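> What follows is the residue order along each chain.
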Amino acid sequence: MSRVIMGIETSCDETGVGLVRLSENDAADATATGPRVELLADEVASSVELHARYGGVVPEVASRAHLEAMAPTARRALATAGLTLSDVDAIAVTAGPGLAGALLVGVAAAKAYAAALDVPLYGVNHLAGHVAVDTLEHGPLPRPCLALLVSGGHTQLLRVDDVASKITELGSTVDDAAGEAYDKVARIVGLPYPGGPPIDKAAREGDPEAIAFPRGMTGPRDAPFDFSFSGLKTAVARWIEAAERNGESIPVPDVCASFQEAVADVLTMKAVAAAREYGIGTMVISGGVAANSRLSALARERCEAAGIELRVPRPRLCTDNGAMIAALGAHVVAADLPASPLDFSGTPALPVSTVTVR
Amino acid sequence: MKVELTTHEDTVRFGRTLGELLRAGDLVLLSGPLGAGKTVLTKGIAEGLCVSGRVSSPTFVIARVHPAGERGVALVHVDAYRLGGDLAQLDDLDLDTDLADAAVVVEWGEGVAERLSEDHLLVRLEREVDDTRIAELEPHGAWTERALPG
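These protein sequence lines map, in sequence, to chains A and B. Each residue of the first sequence is one higher than the last, beginning at 1 in the UniProt record's numbering. Each residue of the second sequence is one higher than the last, beginning at 1 in the UniProt record's numbering.
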């Protein structure tokens, strides 16, 4: 028996609809550690360009963009998978964390689909989705595993005992998210938004050891698994101001390489330390910043040295999408967990410990 | 009025003093360049208001609500950095709180958020070459009659 799960994601700028097929494990396959989940479709509509036209994010415009993209994106996903709505056996939707007005649209759409199709509805956690998506590429997750989530809005270190039901936050950023630091440093050095790709590109021509930027939250009395990137951002601004005062030209590639080294160094150092502390043998890195070349290279190097298996989903799956929510929904369905009540609403600050809204 | 804040802790302490003075319905606008200490100051304001939840940069979520603690006043921490320049529809953010029962702090709010209320306190933060911060307080409307920290 197999079931089709539709996943809906509207926590920020992307309207995503994904479809996955959940298959029962072959009873003879004793090595399976989780459900078999196969990706059928992954359609995303982004309102980033729309926001650029307005010169920023306008909350009402964001909600309207989700509203307009919702049904067409769902239709495209079904067409890609060669399915119709009546083939859908369950709906999963991001219940949080995210922008309130944006979450609202996805949650309302998911309720409508679930009610119209008379199928169960699961309000799930966006952050858990970033972890679950890896199973679409690398198969079932070992238990436990460690997850490092790095994006424009989130920087978190998670212990994942069961992606469908038991996730513990080991640490998170105390100020700026890692991706946000990229965006702000890009602005300081005059590179475009979003800052990740242009900084990564400029850094390839630069010397990562040219400038010794600070590694935030790495002192002996700092929380071992929390992060801070605000001081790093300020250090970059100060360095550039000092260079300008002295009439020097700004070596943008060196600044980018040194900044990127500081970010990748702290992220991988703390993630590996957490894996060691908890005796965890597998690390998943996900979220938009996972596509950063230096982060993945340094993580690979350090995980290898520490004997940790590293899993990084392909970039398309790392950024926000509906497939990750469908993948998480499949795990929740496979675990026979109860569906969410139809009267739940989106929760902007949903804690990662709440994988499914009850 | 100008206040010199030499260390990170000075900025938090100054914010705490300001937070202790805040009441429901108050509006505080923070301005200053990247790294001036706007979020650090807000950490202090949150302490002074005794609200719950960790204060971190609200840039990505635009606004974060910190539920009221023993003082009965919530904190709405807004970041206008990514907004298109119109905060008049702050209610459109679907903040899960009544703005009348909260103190509202808006980072990058100068020139954007004044229309929320004529009565507001503008705090301009500047970072000096030696990393000292200067906080300049500019009271507007009813704030000109009120006690200021520092």
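If you are wondering where the hints come from, they were derived from the structure by calculation, not from laboratory data. Remember, it's a predicted structure, so these values are computed and weren't measured experimentally. Virtual Cβ for every residue (Gly too), placed ideally from N, Cα, C. Honestly, I wouldn't trust all of these hints.
To be verified - Label pairs and their computed distance ranges (CB to CB):
id: 1; chain 1: B; residue 1: 132; chain 2: A; residue 2: 343; range: 50 to 58 Å
id: 2; chain 1: B; residue 1: 4; chain 2: A; residue 2: 197; range: 17 to 25 Å
id: 3; chain 1: B; residue 1: 67; chain 2: A; residue 2: 222; range: 22 to 30 Å
Unchecked claim - Chain A is faced by these chain B residues, among others (derived, beta-carbon under 8 Å):
id: 4; residue: 137
id: 5; residue: 140
id: 6; residue: 144
> With reference to the structure, classify each hint as holding or not holding.
Status of each hint after checking the structure:
1. Here the CB-CB span from residue 132 of chain B to residue 343 of chain A is close to 52 Å, well matched to the stated 50 to 58 Å.
2. The beta-carbon spacing between residue 4 of chain B and residue 197 of chain A, approximately 40 Å, falls outside the hinted interval of 17 to 25 Å.
3. For residue 67 of chain B and residue 222 of chain A, the hinted distance range of 22 to 30 Å is satisfied, since their beta carbons lie about 27 Å from each other.
4. Look at residue 137 of chain B: its Cβ only gets to about 22 Å from chain A, farther than 8 Å, so that hint breaks.
5. With a cut of 8 Å, the hint placing residue 140 of chain B at the interface with chain A is violated, because the nearest CB-to-CB distance is about 24 Å.
6. Interface hint at residue 144 of chain B: violated, since its Cβ lies 31 Å from the closest Cβ of chain A, which is beyond the 8 Å cut-off.
This entry does not satisfy hints 2, 4, 5 and 6, going by the numbered hints stated previously.
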